Amino acid sequence: MAAPTTLPSALADAVRDESSLRRFLHGLPGVDQVGVEQRAAGLGTRSIKKASKMQAIDTAISMVDLTTLEGADTPGKVRSLAAKARRPDPERPDVPKVAAVCVYPDMVKTAADELKGTGINVASVATAFPSGRSTLEIKLADTRFAVEQGATEVDMVIDRGAFLSGRYGLVFDEIVRVKEACGDAHLKVILETGELVTYDNVRRASWLALLAGGDFIKTSTGKVQPAATLPVTHVMLQAVRDWHTQTGELRGVKPAGGIRTTKDAIKYLVAVHEVAGPEWLNNHLFRFGASTLLNDLLMQRRTQTDGHYSGPDYVTVD
Amino acid sequence: MSDRISVAKTYKLYIGGAFPRSESGRSYPVTDHKGAFLANAAQGSRKDARDAVGAARKAFPGWSGATAYNRGQVLYRVAEMLEGRREQFIAEVSAAEGVPAKKAQSLVDAAIDRWVWYAGWTDKIASVLGAANPVAGPYFSFSTPEPTGVVAVLAPQQSSLLGLVSVVAPVIASGNTAVVVTSQDRPLPAITLSEVLATSDLPGGVVNLLTGRTAEIAPWLASHADVNALDLTGAPESIRADLERSAAGTVKRVLRARPSEDFTREPDLSRIRAYLETKTVWHPMGV
Numbered sequence: 001m002a003a004p005t006t007l008p009s010a011l012a013d014a015v016r017d018e019s020s021l022r023r024f025l026h027g028l029p030g031v032d033q034v035g036v037e038q039r040a041a042g043l044g045t046r047s048i049k050k051a052s053k054m055q056a057i058d059t060a061i062s063m064v065d066l067t068t069l070e071g072a073d074t075p076g077k078v079r080s081l082a083a084k085a086r087r088p089d090p091e092r093p094d095v096p097k098v099a100a101v102c103v104y105p106d107m108v109k110t111a112a113d114e115l116k117g118t119g120i121n122v123a124s125v126a127t128a129f130p131s132g133r134s135t136l137e138i139k140l141a142d143t144r145f146a147v148e149q150g151a152t153e154v155d156m157v158i159d160r161g162a163f164l165s166g167r168y169g170l171v172f173d174e175i176v177r178v179k180e181a182c183g184d185a186h187l188k189v190i191l192e193t194g195e196l197v198t199y200d201n202v203r204r205a206s207w208l209a210l211l212a213g214g215d216f217i218k219t220s221t222g223k224v225q226p227a228a229t230l231p232v233t234h235v236m237l238q239a240v241r242d243w244h245t246q247t248g249e250l251r252g253v254k255p256a257g258g259i260r261t262t263k264d265a266i267k268y269l270v271a272v273h274e275v276a277g278p279e280w281l282n283n284h285l286f287r288f289g290a291s292t293l294l295n296d297l298l299m300q301r302r303t304q305t306d307g308h309y310s311g312p313d314y315v316t317v318d
Numbered sequence: 001m002s003d004r005i006s007v008a009k010t011y012k013l014y015i016g017g018a019f020p021r022s023e024s025g026r027s028y029p030v031t032d033h034k035g036a037f038l039a040n041a042a043q044g045s046r047k048d049a050r051d052a053v054g055a056a057r058k059a060f061p062g063w064s065g066a067t068a069y070n071r072g073q074v075l076y077r078v079a080e081m082l083e084g085r086r087e088q089f090i091a092e093v094s095a096a097e098g099v100p101a102k103k104a105q106s107l108v109d110a111a112i113d114r115w116v117w118y119a120g121w122t123d124k125i126a127s128v129l130g131a132a133n134p135v136a137g138p139y140f141s142f143s144t145p146e147p148t149g150v151v152a153v154l155a156p157q158q159s160s161l162l163g164l165v166s167v168v169a170p171v172i173a174s175g176n177t178a179v180v181v182t183s184q185d186r187p188l189p190a191i192t193l194s195e196v197l198a199t200s201d202l203p204g205g206v207v208n209l210l211t212g213r214t215a216e217i218a219p220w221l222a223s224h225a226d227v228n229a230l231d232l233t234g235a236p237e238s239i240r241a242d243l244e245r246s247a248a249g250t251v252k253r254v255l256r257a258r259p260s261e262d263f264t265r266e267p268d269l270s271r272i273r274a275y276l277e278t279k280t281v282w283h284p285m286g287v
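Residue numbers (our numbering), protein chains in the order written: chain C, 1 to 318; chain G, 1 to 287.
Hints in this document: simulated from the structure, not taken from any laboratory. Take these hints with a grain of salt, some might be off.
Derived lysine-lysine pairs resembling DSBU-like cross-links, with alpha carbons at most 35 Å apart [said to hold, decoys possible]:
id, chain 1, residue 1, chain 2, residue 2
1, C, K97, C, K116
2, C, K116, C, K263
3, C, K77, G, K58
4, G, K47, C, K97
5, C, K263, G, K12
Not close to chain G: a few residues of chain C, all C-beta gaps over 12 Å, as computed [stated by the list, open to error]:
id, residue
6, T6
7, K77
8, G117
9, D306
Keep in mind it's a predicted model, so treat the numbers as computed, not measured. Quick reminder that beta carbons are idealized off the backbone N, C-alpha and C, glycines included.
Sequences and hints are given; from them, build the entire structure.
And the structure:
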């Protein structure tokens, strides 16, 4: 096991070998389940209106990783998604563009060609997404292929089976190897919190991913229910904040799956501001993995600017 | 022994097949024609209207996609349920409109008959209003009536049950879904109707009933981009022009029905026809 960056001594100690890693992860303070759920619910009731709401909507739009991960994806669909990423609301040029387009590795080239020079990132899921059940060689080849095709961000899945059976070293090494294979591309580590069962596990997996060098920790693939939830995102935001306190580095969080409405998105932004801090309120450190959310954000934005409610007939169907 | 204190009800809205409180938390007292207290009704807000439109939009594919025969069966079932609540309706109509029991009875019977009349139309609309068009070639051309979508209905202010049924039934008979703003001062028969609809086979969201101030809710429905048609029957005279103007902003169909309409008169097809689009399809001859 090798630490990917120079870490403070306490953390460098944690990644020395598998048993010290286990000791470190199990030595993390337990999550107060009732407390975190109550805090998430409490912050969710905060009312955001008028100008603040408008700003929240624009911020949320700029944080969207516009995603299509279907077996039925075609180059045409990816191209139209890229067009939407560049100009989410064609009648209103002041709408910000989204952060990234997220596709399967074989669609990366199509997306990269469409998004060249726009500043929009191309994210690709890799490593035998969504289950992660394959050999390390295949996962690495998958990652290298995505990067060669032009992906600037890679969303990997961790081996949940290994994590749940306590083989943390295996999970750690996999992340380190995938990070190497990524080269300059940013690595987002999908924890699939819906399969991790407890908040304690989410906290451990978050720290594991951060120790191994993940630039982002992401809640879920979107293929497993429950996907992203507010309390889980709270726990992960605490992890990146604590990481920042200990190392001075800023790492990101990406909730994905199940966030469909503007109201939900704003609740997440409030959580980011309150749990992690205002410096996380940008698309370098916080993203939404979503497809239908963007339409709702655009409709709510129109409601704010037009003074009447909008409808799905006025946004593109994707 | 002291007199029993009656249990005064506080009713809620009917949105998406459920009975939520108004988002605003408001309610208002409903009185009979002499001013005596009857019950509290929820005072719907613009956000309730928005939720109701969302529920109606969600219900539209299922309801418009159901076979006309099935829609007819569901509406007949509603009529059966109306019949079961006949006594309650008579008492409520009598209290709200200040008519003697005998007159109230005939109004309620007319309302139930009106519902049955529209239920019978569901599977006949296509053959009466559609057509097989004559063409000079080896083709077929058909025109079929299709439901418009979500219809916002401002129910008549005076006729609390017969009027309500006469404006709601034609909307849903052809497969539209409805967001109804009930009579402001006489909402109780409408609330009872919502209880009937909730316990019949009508899918949730096909009819949504909002009680409250018509002048407060109507402008939001008229301007809402996801509403396809607007019935002005119960609109206050002072805001009619404004409602039409904002409805034009998203090219809604507007039914300019007068508030003075006499609902005891025999109905015709005009209210069904008001919320239909005609779809014409050319069919090349089969292989």
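Hint check results:
1. K97/C / K116/C: holds, 14 Å
2. K116/C / K263/C: Holds: K116/C and K263/C sit about 32 Å apart, inside 35 Å.
3. K77/C / K58/G: Distance ~25 Å between K77/C and K58/G Cα, so the pair holds.
4. K47/G / K97/C: holds, 29 Å
5. K263/C / K12/G: holds, 24 Å
6. T6: About 53 Å separates T6/C from the closest Cβ of chain G, which puts it past 12 Å; holds.
7. K77: holds, 22 Å
8. G117: About 34 Å separates G117/C from the closest Cβ of chain G, which puts it past 12 Å; holds.
9. D306: With a cut-off of 12 Å, D306/C comes too close to chain G, as the shortest Cβ separation is near 8 Å.
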